[in-house]
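Chemist: So the chains spell out like this:
Number of protein chains: 2
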Amino acid sequence: MNFKKSLIWLIVFLIFSFCLPLKSDEGMYILDKIDKALFKKMKKMGLELSSEEIYNPQGTGLANAVINMGATASFVSPNGLIITNHHVAFRAVQRISTPEKNYIEEGFLARTIEEEVPAPGYQAYVFLSMKDVTKKVLSVVKKGMSDFERYQAIERKIKEIIKEAEKKGDVECRVASMNYGKQYYLFTYLKLKDIRIVYVPSRSIGEYGGDIDNWMWPRHTGDFAFLRAYVGPDGKPAEYSKKNVPYHPKTYLKISAKGIKEGDFTMIMGFPGRTYRRLISFALKYDQDFRYPFQIRTATDMIRILEDFSKRDKNAAVKLLSRIKGLSNVLKNNQGMLEGLIKTKLVEKKKNEEKAFLEFIKKDPELENKYISIFSELKQLYKKHENFRKKNTFLRWMTYGSQMLSFALTINKWSIEKQKKDMDREPGYQKRDLPRIKLWLKVAQRSLIPEADKKMLEYFLKRALELPSEQKIKALEEILSKRKKKSKKEALTEFLEELYSKTKLTSVEERLRMLKLSRKELLKLNDPFIEFANALEKEREFLNRKNKEFSGALSRLMPAYLKGLEGWKKTILYPDANGTLRLNFGQVKGYSPKDAVKYYYITSLSGVIEKHTGEEPFDCPKKLLKVYNNEDFGEYIDKYINDVPVNFLTTNDSTGGNSGSPVLNGKGELIGLLFDGNYEAMYSDYYFDPKLTRSINVDIRYVLFIAEKVDKAFNVLKELTIIK
Amino acid sequence: MNFKKSLIWLIVFLIFSFCLPLKSDEGMYILDKIDKALFKKMKKMGLELSSEEIYNPQGTGLANAVINMGATASFVSPNGLIITNHHVAFRAVQRISTPEKNYIEEGFLARTIEEEVPAPGYQAYVFLSMKDVTKKVLSVVKKGMSDFERYQAIERKIKEIIKEAEKKGDVECRVASMNYGKQYYLFTYLKLKDIRIVYVPSRSIGEYGGDIDNWMWPRHTGDFAFLRAYVGPDGKPAEYSKKNVPYHPKTYLKISAKGIKEGDFTMIMGFPGRTYRRLISFALKYDQDFRYPFQIRTATDMIRILEDFSKRDKNAAVKLLSRIKGLSNVLKNNQGMLEGLIKTKLVEKKKNEEKAFLEFIKKDPELENKYISIFSELKQLYKKHENFRKKNTFLRWMTYGSQMLSFALTINKWSIEKQKKDMDREPGYQKRDLPRIKLWLKVAQRSLIPEADKKMLEYFLKRALELPSEQKIKALEEILSKRKKKSKKEALTEFLEELYSKTKLTSVEERLRMLKLSRKELLKLNDPFIEFANALEKEREFLNRKNKEFSGALSRLMPAYLKGLEGWKKTILYPDANGTLRLNFGQVKGYSPKDAVKYYYITSLSGVIEKHTGEEPFDCPKKLLKVYNNEDFGEYIDKYINDVPVNFLTTNDSTGGNSGSPVLNGKGELIGLLFDGNYEAMYSDYYFDPKLTRSINVDIRYVLFIAEKVDKAFNVLKELTIIK
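Chains as they are written, first to last, in our numbering: chain G, 1 to 724; chain A, 1 to 724.
None of these hints come from the bench; they were simulated from the model.
Hints are not guaranteed to be accurate.
Remember, identical chains collapse to one label, so a pair may be satisfied in a single copy or spanning two.
[Unchecked claim] Okay, derived cross-link-like pairs now, EDC-like style, lysine to aspartate or glutamate, Cα gap no bigger than 16 Å in a straight line:
#1 LYS131 with GLU615
#2 LYS345 with GLU610
#3 LYS594 with ASP213
#4 LYS594 with GLU610
#5 LYS691 with GLU610
#6 LYS724 with GLU26
#7 LYS438 with GLU539
#8 LYS131 with GLU164
#9 LYS538 with GLU426
#10 LYS390 with GLU470
#11 LYS254 with GLU48
#12 LYS488 with GLU458
#13 LYS383 with GLU470
#14 LYS163 with GLU616
#15 LYS548 with GLU426
Computed from a prediction, not measured in an experiment: that's the story for all the values here.
Modelling step: build the complete structure from the supplied sequences, incorporating the hints.
Modeler: Here it is as structure tokens:
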């Protein structure tokens, strides 16, 4: 940074430090639950829209431009052009890349509509509507039900509601439980199945800083990509076909290239995955003592296994890259999470809060007794289920680790469930789930390397043998003891050898064929992996039942507890994130990560160049260096920093799943894309600290700058509605 | 940092960001060379003193409160109380510590004068006067002299000047060459030989942050210590004796507890060790390509050897700690240096500067030819001496690595030199040097572990065998080849075995006895280490001669070159640091280390607590935690940050040797102690970047706060003159 620049920083700081009058707020609000007080606050902070312009049941609000693609995306043109993060589009680009044409490295740009290529495995769930169905769902709960019965009744009712709602076709519905069953919402999405890649910058822009900068500020990543949704010539959702035409969304977002400054109002919409802000202290302690240490150890080991394999085999390396990236991301997140939980002493804070609540409620002895009993029941519940939960976590990670095992478990389970009536089946194994399962069985092939998979399963099975007796996997112990080897390890080696040499699950065709077989036919195959899966299934069923009991009990206890809390705090508690559409508002704002350090709200192109070493992940593309050296910045100079803006910070409350969320200004115009949270507040999934919690966003002006000056994506720019 | 605090930061920043009108300046000025223009600048920046109040030949200026102790220290009471850095006093405290009473960990406080204990091996060189003796020195240079002859003549003249100056006794003199012989200065110091430890805080304050925070900002280290100088009852310098009395300095520094703010004028005096700002690009490239990579590799290996040894032997660990610390410091410094040189492309910058100079001088063809020839001669000189310099560096590090070898070389060399007349001897081996050599031969015992020393020598000798043929150590090759072993490695093992089993150099008494022996008697001992040293001596002599040739040539070429540069730049170039007394002025100021990050100028006690993990090096003492929790801050709250100040940044130009330098305000009052530079500008030894180069200082208010509130060192505080 040159001297002139630091002077400008000073001025920026001087001007805007006066303009931070309002405190931003945490909260991942359900769109139809934004009350007048909240709206007033938003208005005061800079919102210029009416509530109906954001969301209305007619489906013409800004919310209807928002798309669920696992993470979040949104429409930015009347012709179905979608904007999202580079890291959200990453797997699609990886899948169309070949050793000859590596689009990850080079980027991809379709200069005409004809050049757009399918994004394999990608689907877009366009938000259509939402509805509170709490009464309907809870109508089936009867007095005297056991927790398991309670769970089953609710689950069945939900399946019925979904079936009814999906009748009209082309839509996909989901009933989500809010705040552990305090409320239930029906969400309806239009499911678009033909998604194509339009424009993705090169890795060295879209992923600049890589793992090193991941979760970090200051950040300099051009984390954006453009896709397009297609439908059949009749305008209805359809599988990929050459005849398909671009989809015309009801709503799309306009883009503001006017720029931002510290203190500006910002609003995000998206699909935050999971937060745990309502957990009681006892449950939080479990996460701190078991969950994160387990996940950190396991992810570390898995990365090592995959990296060892990648070193020996370059072809494998390309295939495994995306898995390693995913695991590294989880690892760094979990490390930050654990550090944060410990450092902020959150368990202690929660305990104090719970104490204060009970203190408050003392004046009403009846209520006091009620809540003391709820607390003690909750604590007992977590205690009772501790071993089940641990075993469950282990199995989940093992299944995640070995795709082969995952295939086998799914195919085996499918053959069991399909014997039942559709409404009697487990969620996830109904007829409506078949296309998703098939797609996955196909697409997973791209990252499958049986030899690496074997190493991974070996790792988990070896660890399984060391589990404490209450968590032991009996099926495995039996299989090995039958083998009558000197040691379990020898038996394990032999077992693994057999699994991988004799199975046919490595072939896509065989997997799809097996999915079609009846239960009898499948078992007749004697595929060793299916047999192993079948042996495991009994334990999974048992755990599944335990899980349902657990959830049933939580859905009985937690809503009552939360109601008490709401009475105490005199507020309605927004529900924890659960992958459903949420809105949050905040403002553009830097922060102080530690004593004597201040982070500004925005980074600059000079900062990108400052980090450039020429080596991945800090290898600016030559095109960008040239533009920089020629000072070919067009209209993209931010007047406050006198530089091209790159990323900025907002106080918006977000978590995984919010990636790609549109960041909107007071007028509802797109000013950036959310793509990360900051390391210092990783634990915000548990506790939102307004001093430290920030979302990291790519400035839309950087998107436009890269598109225009570096990649000459004029056709894409032409399609956008840009307000200057 | 709580919200209230960050608000206060804001205000601080708002207020003081307006008050930075004047640019600070690089420069390590010789005290009698501060011209009127410079003085005017200092006045404008906030100096309120006259030039005489800082330095005058009568010896009553502030400069006469400044002491050379290897690093820098200063008098702060009329009774010889000295303040310096914790890390400067560290070795003394280590030497008085025992396993039972570990003063490093606990700190040391003498509550009365009787409780003050001797600081073994410590001496104080109190600055008395300085004198330009250039004409005298250069009077011996005659036309037609070879570079070697030139060097010898100057060296002899210097010895004569020193002998004359030291005649009056009790003083120690040094003639320093400024800017490669452009000027020569005679410095006279009063040499005080009885230094005692008065008050040193515990390691967890004085070294808080340890290696991790070393060279880093934000910093939270209470790097201070108090010593006292004693003299004989007659007021004259004397060796330690119970009868000795505190020394009364002519001048001592008053302390300002009024506090500082961004933009305030600051001035430092001290003994900066070495800078290389005048090197030509070719010489700089050598440092970048050879010197730092060599030193980084060697220091890394040495640390590994010492740490391996420390792990196996706890007693050894205590003895080796100080060496490991020293090496770690060098390592981190060199790594930062190399990173900085490469990142800033300094070689390229220098080349461009040299080109521009030649371009400028073109208008005078005669001058142009002169400087082209000087450049080419300089380049040739460096080229010619490359292998000698490399071998020299290797031998220097080997001697530094093995104390035993170092003893042997010194004792052997002493026996050679003492055969000559005093004036004919090598500098460092004259009669005046004997006390220093004896002291070292004694004190070194405290960190000597022959087994570890052997490992270290083995490492260097093994590496010596791999040196390229032009740098090979012939003495070693011969010794090994005589042994007629299958391999050199075997021979080396045998040789080392012999060296360490048969030598008597491990004993202090034996070493002192050997020093007394005549050349003949010494050789008769047949001590294998002395024999090895004697064999090496021939090569050292050759290199010494080469070195003198090299320096002689530099002293002929560089002053001419620098004179040209001065003409071009229309300024007098202050000389590179060389361990002589210098003055520099600047201001209190933060910096921006990278895009979107701003470092404030000051850190706080809350920041100390924020870093506290309970584990070394971030283990606050309980006493401090208690004071913090009780909010027992007395008068030490800084009004701008509303917290107890800890460390602050200034733009002062400093380097190793400046440690402990008094930081003075415009009135000449002590406001802090310099103790470090910042990592981002480590390369400032080569190039001063005003945007990034900062000195890190401990705020004197933190010293007073710790002394009063944590260590209750009321007796020390009483002795100080504190302006509130």
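Chemist: A separate judgement is required for each hint: does it hold in the structure or not?
Modeler: Here is what the structure says about each hint:
1. LYS131 with GLU615: Neither: 51 Å inside a copy, 53 Å across copies.
2. LYS345 with GLU610: between (37 Å within a copy, 13 Å between copies)
3. LYS594 with ASP213: between (18 Å within a copy, 14 Å between copies)
4. LYS594 with GLU610: between (23 Å within a copy, 8 Å between copies)
5. LYS691 with GLU610: Close across copies (15 Å), not inside one copy (28 Å); limit 16 Å.
6. LYS724 with GLU26: Answer is neither: 31 Å inside a copy and 45 Å across each miss the 16 Å cutoff.
7. LYS438 with GLU539: Close neither inside one copy (25 Å) nor across copies (79 Å); limit 16 Å.
8. LYS131 with GLU164: within (14 Å within a copy, 100 Å between copies)
9. LYS538 with GLU426: Answer is within; shortest intra-copy Cα gap is 15 Å, inter-copy 89 Å.
10. LYS390 with GLU470: For LYS390 and GLU470, only the intra-copy Cα distance (10 Å) is at most 16 Å; the inter-copy one is 66 Å.
11. LYS254 with GLU48: within (15 Å within a copy, 61 Å between copies)
12. LYS488 with GLU458: within (12 Å within a copy, 48 Å between copies)
13. LYS383 with GLU470: For LYS383 and GLU470, only the intra-copy Cα distance (14 Å) is at most 16 Å; the inter-copy one is 74 Å.
14. LYS163 with GLU616: neither (49 Å within a copy, 61 Å between copies)
15. LYS548 with GLU426: Cα proximity of LYS548 and GLU426: one copy only (12 Å, versus 89 Å across).
When the structure is compared with the earlier hints, violations turn up for hints 1, 6, 7 and 14 and for no others.
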